[in-house]
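Asker: For the record, the sequence lines run as chains A and B. If you're matching positions, the first sequence starts at 1 in the working numbering and goes up one per residue. If you're matching positions, the second sequence starts at 459 in the working numbering and goes up one per residue.
By construction, these hints were calculated from the structure, which means they are not laboratory data. Each hint should be verified, as a subset may be incorrect.
To be verified - Partial selection, computed: residues in chain A whose CB lies under 8 Å from chain B:
1. Glu22
2. Pro43
3. Asn252
4. Thr353
5. Ile354
6. Gly364
7. Asn437
Claimed, not checked - Derived list of chain A stretches under chain B, where covered just means 3 residues or more per stretch with a C-beta under 8 Å from a C-beta of chain B:
8. 136 to 142
9. 214 to 225
10. 427 to 436
The beta carbon of each residue, even a glycine, is placed where N, CA and C say it ideally should be.
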Amino acid sequence: MEARVLSPCGVIGSGFPESSFERGLSMKPHVIACDGGSTDNGPAFLGAGKPNFSRSATKRDLKLMLQGRESLGVPVIVGSCGTAGGDAGLKWMRDICLEIAREEGLSFNLALVRGEQDKAYLKKRYKEGRIRALDPAPPLDEEIIENSAHVVGMMGDEPIARALDEGADVVLTGRASDTSVFACHPVRMGADRGLAWHAAKILECGAACAVHRARPDGCFAWIRDDHFVVEPLNPQMYCTPQSVASHTLYENTDPYRITEPAGVLDTSRSAYSAESERAVRVVGSEFHTAERYSIKLEGAELVGYQSVIIGGVRDPMILKQLDSWLDGIREGFETRVQEIFPDRATPPAYQLTIRVFGRDAVMGTLEPEAGRIPHEVGVLFEVTAEDQVSANTMAATLAHFALHYPIPEWGGLISTLAFPFTPAELEKGPVYRFNLNHVVYPDDPYEMFPSEMMEVAN
Amino acid sequence: MATLGELAKLIRSKNAGPFNLTFDVMFDEEETYRRVVESNVLTKEVFCRLYNLVEENVLLVHHDAARAIKISIPRPVFSCDLEDGDCYGGQQFGPLVGLEVPDA
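The task is simple: from the sequences and hints, build the whole structure.
Answerer: Here's what the structure looks like:
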């Protein structure tokens with residue numbers, strides 16, 4: 001057997017050269033697949049339902065994929081639509097897809113597979129003890145599920161395969177495991193699961209497996225009975241056994257064991273060799289089926305609204321007592337907050353986060369050199385409150401309060417912070433946090449991922 | 459003597475999902491990779507001392523095919539939580555760059 005997979009780029013919207021894509025089409029793929037999302041950009045995208053890439057950049061990439069599909073008659077799969085893969089992202093991608101079809105006169109069967117999770121369903125599974133925490137995980141209870149802005153489940157290959165079985169030409173999905181988007185069709189064609197999932201792991205990042213990825217670009221894989229071969233689409237890029245082996249390291253905790261809904265991809269016995277000057281052959285990858293099928297959850301909840309202040313400190317007198325000076329500001333500000341909301345019985349709840357750049361703002365508790373204070377530091381004050389107006393009000397007061405907060409060494413009014421601009425405070429808007437690192441044990445791979453089929457005729 | 463930063467092709471850190479951090483130290487030459495591994499300059503113990511961690515939470519793998527030493531830890535603060543200073547986890551490798559590797 002041979003299953004050929006075309007991955008135009010690591011994430012739809014990041015772009016790829018048309019020449020690379022055309023080269024991919026000339027190698028007659030059985031499927032064109034692309035990932036659309038990640039948690040890497042943070043919880044704001046899931047929380048607010050906004051995509052990371054622009055509509056126009058995404059439309060450009062999808063249009064080329066749909067036109068390529070039209071010329072070859074093979075399926076197109078786009079996973080994790082709209083970055084987070086919630087309903088908002090799926091609808092966004094569907095509208096782009098329909099617009100392209102209309103403008104280009106394309107007709108196809110379009111399947112939409114949802115990844116967003118119903119809170120009542122999650123609470124039911126939680127009560128049944130069928131939600132398990134991964135390590136490490138934030139705490140979970142029914143209230144946390146209820147307070148989530150959005151929760152998605154990361155689907156496996158099965159719901160996508162079912163859409164293809166039902167005749168879909170184009171499958172857009174909510175949150176899906178990056179790999180399942182690429183493994184799905186080869187597995188459906190009868191490919192070995194270890195090889196298919198390992199190839200998928202490499203394909204999902206486009207040309208990232210090349211030695212030097214000069215720009216976002218694509219990758220092609222041939223999955224055969226006892227090996228697979230990968231090659232970057234761009235003739236100016238090349239893979240080596242080391243560059244392909246290295247790819248399982250990227251963004252994984254364990255490079256040899258990568259967990260999927262149905263089991264674990266095990267690359268500990270994989271061997272890599274040069275197939276040509278640009279292509280690499282991989283053998284020995286295995287897939288171990290898990291005892292229980294599990295779906296990973298991702299959730300985001302609103303933390304509050306932020307306003308922030310950036311300032312620099314150069315005064316050696318303050319720098320030698322930096323922590324006590326900042327503690328003083330923190331405590332003094334607590335009292336000051338009571339005064340600025342005279343109409344309220346209690347002031348709005350808030351959290352003040354202070355970061356010291358030049359000391360430990362980047363690494364926090366991991367910083368081995370946190371004790372060393374340089375000749376100047378940058379201080380970032382973040383006020384997080386339950387609404388934006390309160391956050392802005394407090395930040396404006398804090399900027400003034402901190403600017404003149406005294407130290408015993410100086411007599412008279414001092415100005416302690418160098419502000420790079422005024423007003424010193426910046427409105428940052430809503431802030432979200434990831435509130436789930438858990439898996440659900442569903443009855444089957446499909447129950448969390450309902451799909452609908454549309455006939456697109458132009 | 460040479461530093462790890464001088465010997466490695468790439469030293470990087472990155473989120474492995476929002477709840478874990480992973481560090482990759484990668485080498486071009488097999489000989490350099492072997493030299494660093496055998497020097498024991500970068501072990502779980504060294505890493506924990508440097509990053510103020512306990513060993514049971516640290517996964518360290520020598521990936522021979524990639525000529526890489528890989529270390530993964532749970533994040534002390536989850537990605538993008540209020541106290542997190544590095545949402546992508548991309549700047550956590552700094553303390554590794556200056557580690558001194560004795561001559562082979």
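Asker: Please go over all the hints and tell whether each is borne out by the structure.
Answerer: Status of each hint after checking the structure:
1. For A/Glu22, the suggested interface contact is broken, since its CB lies about 31 Å from the closest CB of chain B, more than 8 Å.
2. Interface restraint check: A/Pro43 against chain B, minimum CB-CB distance 5 Å, threshold 8 Å, status holds.
3. With a cut of 8 Å, the hint placing A/Asn252 at the interface with chain B holds, because the nearest CB-to-CB distance is about 5 Å.
4. With its C-beta approaching chain B no nearer than about 5 Å, A/Thr353 sits inside the 8 Å limit, and its interface hint holds.
5. For A/Ile354, the interface hint is violated, the least distance from its beta-carbon to any beta-carbon of chain B being 10 Å, above 8 Å.
6. Hint on A/Gly364 holds. Least Cβ distance to chain B is approximately 6 Å, under the 8 Å limit.
7. A cut of 8 Å between beta carbons decides the hint on A/Asn437: the least distance to chain B is about 5 Å, and the hint holds.
8. With 3 residues carrying a beta carbon less than 8 Å from a beta carbon of chain B, the stretch 136 to 142 of chain A meets the three-residue requirement, and the given coverage holds.
9. Coverage of a stretch by a chain is defined here by at least three residues with a beta carbon nearer than 8 Å to that chain's beta carbons; for the stretch 214 to 225 of chain A and chain B the count is 0, and the condition is violated.
10. By the rule of at least three residues with a Cβ nearer than 8 Å to a Cβ of chain B, the coverage given for the stretch 427 to 436 of chain A holds, with 4 such residues.
The structure does not agree with the numbered hints 1, 5 and 9 stated previously, though it agrees with the rest.
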